[in-house]
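**Q** Sequence:
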Amino acid sequence: MPTRESLRSAILKYHGIDDLSQEDQVQIVDGLTENILRGLTIAILGKVPHEAHPRFRQLREAGDNEALTLFLQQYIPDLELLVQEETRKCVDEFKMIVQSLPTASPQPLTS
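Residue numbers (the numbering used here): 1071 to 1181.
Don't read these hints as lab results, they were simulated from the structure. C-beta atoms are modelled at their ideal positions from N, C-alpha and C, and glycine is treated no differently. Possibly wrong hints are sitting among the right ones.
[Claimed, not checked] Cross-link-like lysine to aspartate or glutamate pairs, in silico, EDC-like; alpha carbons within 16 angstroms at most:
1) K1159 - D1094
2) K1117 - E1150
3) K1165 - D1094
4) K1117 - D1148
5) K1117 - D1162
[Claimed, not checked] With beta-carbon atoms standing in for the labels, derived distance ranges:
6) S1091 - L1140: 19 to 27 angstroms
7) Q1095 - Y1145: 29 to 37 angstroms
8) T1111 - S1079: 16 to 24 angstroms
9) L1090 - R1127: 28 to 36 angstroms
Please work from the sequences and hints to get the whole structure.
**A** Structural data, given as structure tokens:
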């Protein structure tokens, strides 16, 4: 299971926002990180049996990433692929939103 910091590093490295201000980078990375973790949690809960959900929450809240990964791999052998797919999905959604935003064009001066 990825950590917040590993997701932040991947977003900065691979998604071309390093030319933005530090403040904008932090806002984008924090938002994407939260969305990725939320989407990943939903996907995981759909694959882990309901009776194992309390153990999942316990491990996640304890912050023991190694134990959490081992636990999840019992139910999701392709956990890394799931992480990659959810990350790609969230980043693609973000890119689509950015592309749909109108760009500010300079207005001609009128006299």
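**Q** Which hint numbers does the structure go against, in order from smallest to largest?
**A** 1, 5 and 6
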